[in-house]
Amino acid sequence: MATGHIKKEMKMKFPENVFPEKGRTVMKKEEIAFNKPSGKNPFGKNSEPESKTPSPHEEEKPEESISPSIEKNLKKIRSLFSNDDTFMFRKFESAGQAPLRCAVCFLDGMCKDSDVSEFFVKPVIEKTFDEPLSEEKLKKEVFYGGDFQTETDFQKAVEGVLAGNSVFFIEGFSLILVADTKGYKTRAPEEPNNEKILNGSREGFCEDLMINLSLLRRRLKTTDLKIQYLTVGEKTNTKVAVCYLQGIADNNLVKGIIEKIQAIQIDGAVCTNYIEELISGNRLSPFKTAGSTERPDAAAAKMLEGKVTVFVDGTPMVMTAPYLYIENFISPDDYYLHYVYSSMMRVLRILCFLISICLPGLFVALLTFHSQMLPTEFMLSLVGAREGVPFPLLVECLGLLGVFEILRETGVRVSSSVGQPISIVGALVLGEAAISAKYVSAPTVIIIAMACLSGLMLQKIKGAILINRLLVLFASAVLGLYGFLFAVAGIFFHLLSLKSFGIQYIGYEESKSPRSPRDIFVRLPFWMQKKNSQS
Amino acid sequence: MKKITLLFLTVLLLFLLCGCYDYVDIEEKAMVAGFAVDLSENGYRVTAELVSSSGGSDSEIQSKIAYSEGKTLSECLRNMISESSKKLDFGHCKIIFISKTAAEQGIDPILDIIFHNDEIKVSIDLAVVRDNEAAAIFQTDPILSPIVSYEAQKTLESMSHYLSVSPQGFSYKALNHIASIGTELVLPMFAIRESEQRNSFYLNGCAYFKDDHLAGELTEAEGRYLQIIRGDFNKGRPTFTLHDIAEGGACCISPEITSFSGGSKPSPEDPYTIYVTGTVKLRMDELPQGISIETAESREKIEAEVQKEIEDSILTFTDKMLRQEKNDIFGFGRLIYHKDTALTKEVSTEEYMQKLTVKASFQVQIESSGISKKPLQD
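So the protein lines, in turn, are chains A and B. In terms of the numbering used here, the first sequence has 143 at position 143, counting the first letter as 1, and numbering is strictly consecutive. In terms of the numbering used here, the second sequence has 206 at position 206, counting the first letter as 1, and numbering is strictly consecutive.
None of these hints come from the bench; they were simulated from the model. Please note: incorrect hints may appear among the correct ones.
[As the list claims (entries may be wrong)] Footprint (simulated), chain A over chain B, 3 or more residues, beta carbon under 8 Å:
hint, segment
1, 26-36
2, 91-103
[To be verified] BS3-like cross-link-like pairs, simulated, lysine-lysine; straight-line CA separation at most 25 Å:
hint, chain 1, residue 1, chain 2, residue 2
3, B, K2, A, K499
4, A, K438, B, K64
5, A, K182, A, K76
6, B, K87, A, K438
7, B, K3, A, K499
8, B, K320, B, K359
9, B, K86, B, K71
10, B, K308, B, K281
11, B, K359, B, K301
12, A, K462, A, K196
13, A, K438, B, K86
14, A, K239, A, K255
15, A, K91, A, K72
16, B, K210, B, K355
17, A, K137, A, K127
[Said to hold, decoys possible] Simulated restraints on C-beta separations:
hint, chain 1, residue 1, chain 2, residue 2, range
18, A, L453, B, L7, 28 to 36 Å
19, A, Q420, B, S200, 51 to 59 Å
20, B, L7, A, R78, 51 to 59 Å
In this text, all values refer to a predicted model and were calculated from it rather than measured experimentally. Where a beta carbon is used, it is the ideal one built from N, C-alpha and C, also for glycine.
Using the sequences plus the hints, can you model the full thing?
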């Protein structure tokens, strides 16, 4: 991987301390150091593990001890959460000559009150202690019913409260109990809107990391499924889980991804895309080199192909890596429907990609430079339709593409009840009126509509399609068919030069590719495909 | 940053140095559907049929006529640009009509224009207009298309496919015939029918050439036999006269020739003997009174008469062209040349045409009736 290039881009995009405002991504010296060329490919199969540059996350911070005094601890934690009205604390104690005094801290709305009362408050206030308790007795006889961890670092108390746990300070003990009493509301797993299928599972990931991991584990009931937690974001402390199947996923790939995530220094990572953009490389390419899915079945299937999935707490999108170009044309439906139909649909999607990118450019090139190549009958109808249109064909195409993008974006952003009237007004009324008023010609509307409609089929690369379509269109308008060929060849060469986490993005290397060669352009029946596991 | 600047400059130069120099929107061009070449006092007169449209969703295609004169054809075409407000585009020019007088003077200049103009396609059709000026054809009312040139070109295509009464006048083939040894050019010929209701054009035989000069005309039947001799016959519906079968004297039948295979080839022993052979399959869908195809015997009688007529007609036609007109439109000379190159160099064209013996041998088979494609059985 061209790590040297990434370093430069990072410097360009995120110069040190230029955007120190809250929420901005700030790349520090340490991260830039991470991207220095090491001379070895961290994702190469045969490469030795890269010598790790120590990142600030891995450096041990000096532990901040917990005071045996509840008051001191409360004062300290209250000062940290000052001006936060959701921060709550309660003091309670037992009866007896040597009462057990405790204080609990939590964030309102993040915690399940009944669990706190039932498992931690009630055992204390209902008991009588006449002599001081040992730590052992405290765990075994008082808080025996709850799920908790003891910590001695004050920072853990803060992190515990932020994570939705309740933190207990106990008078006389230099430790805290971090109790898992999370009780915030999460969305139930629903069918993802972006990846709807005809047959198959209706489950989709939700915003809760643990639910998402359980959805994955339900599909991969094996001890080979490995999950490693990481934390990203100085302000958000977002929990990230890197999942892979041991024995199938390449160790160097896993190691490389983990190292890159550990090296991320960012204020907050609220979505998978933050991590994706920061670790996937190829930042100037319009093509995505890391995949994402909202479907547990798709994530499990990708892991069976040897890919690594990255879950981010708070988002239903799961990143998959490496990501091959052909995956843009693969739908989860392909594996639920008959292989003949699936294969036909896959070929259709590839054709639609070509139509969507090439059709407007080809149309402009043929009409303005090589009209003699068109059939005469077609030419006659075009002459009739274009007569009286005041704009050059290129401007007409650009205008229509712009209008389509406006309509599409408006349709996406508004509620479904408004979306239909927008379609009617935009597509039917506006289109018909524009043709009648001779602002645009009907054949151009048809060509642009076909190109845009074909592009809608491929939601995963809609951005790349838009950029490439414009590139081909401009090149064709400048140089005719030569320009068209140059642009298409340029796109193809660019795709050939791309790599996703060390794997060729386009093209097939059997030794490296995670995909079966019989599941690329068409999906052959499962009985003709090889076993997924390489081991 | 350096890379981005470089990329930006490259794209900018792409636009500034070579961008859009020949970008022309189609509505900015005057599409020439066809043109007619006539002789004038100064030299040539070229009349072009231009396609125009009213535009909009209910646009209507119309044709406009523009003409110009000049000493050469190139001058005529150049002058025509000054008459039209738009750039002339010959990319969809389908046919060139040539008047008889212009064809008699020679069609070399026309072929020259076709092969030296980058817009005119070499597959463009050539046709001769009988009796009138060639430009008069643009004053006729076409039936199915608003553009005369396109309708005429379609007529030639249909004729070639369904009637085979004339070779289609592709310009590249025309050049081959003019430039090759032992063959002459034949082009389709249009005539104009004038009436009070409407003037119309129709295909009326062929025009044959000697070198690049018009030398004479062929009837429709002769055009058909020419195609049979050349081996270019596709389908057709010729009329044959049956003399000995019908009870009430001679009668005519017009069967459809559903398939034809054959052509001409020189004898292996004697290069001056040409065999014209072929297998003709007929479909009888119109039977005059007293004619039957129900029995094998009755069919054989018809087949024999048709075969005799074909053979006799071919012999008469070849004799007329070779001996009287002294014109080898059949390409017999080329066949001899291909068989023995030295032979045609030793013998002059007139000499080999006098020496040639043509022998015709055809097999005729009534294959089916008009209502069924199944082979007839007793």
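So if I understand the rule, the pair passes when the alpha-carbon distance is 25 Å or less; does A/K239 with A/K255 pass? holds (18 Å)
8 Å C-beta test of the segment 91-103 of chain B against chain A, three or more residues: holds (count 3)
Does A/K72 sit within 25 Å of A/K91, going by the straight-line distance between their CA atoms? holds (13 Å)
Restraint status (C-alpha distance of A/K182 to A/K76 at most 25 Å): holds (23 Å)
Pairwise hint evaluation, B/K359 against B/K320, where the allowed Cα distance is 25 Å at most: holds (14 Å)
Range hint compliance [Cβ, A/Q420 to B/S200, 51 to 59 Å]: Hint holds: Cβ distance 54 Å, inside 51 to 59 Å.
Against the 25 Å threshold, does the CA-CA distance of A/K438 and B/K86 hold or violate the hint? holds (20 Å)
For the pair supplied as a hint, B/K210 and B/K355, is the alpha-carbon distance within the 25 Å limit? Holds - the C-alpha atoms of B/K355 and B/K210 are around 19 Å apart, at most 25 Å.
Sort out whether A/K438 lies within 25 Å of B/K87, counting only the CA atoms. holds (22 Å)
Can the restraint linking A/K462 and A/K196 be considered satisfied, given a maximum Cα separation of 25 Å? Roughly 17 Å separates the two Cα atoms, so the pair holds.
CB of A/L453 to CB of B/L7, is that within 28 to 36 Å? holds (31 Å)
Agreement of A/K137 and A/K127 with the hint, judged by alpha carbon distance not exceeding 25 Å: holds (13 Å)
In summary, this structure violates none of the numbered hints.
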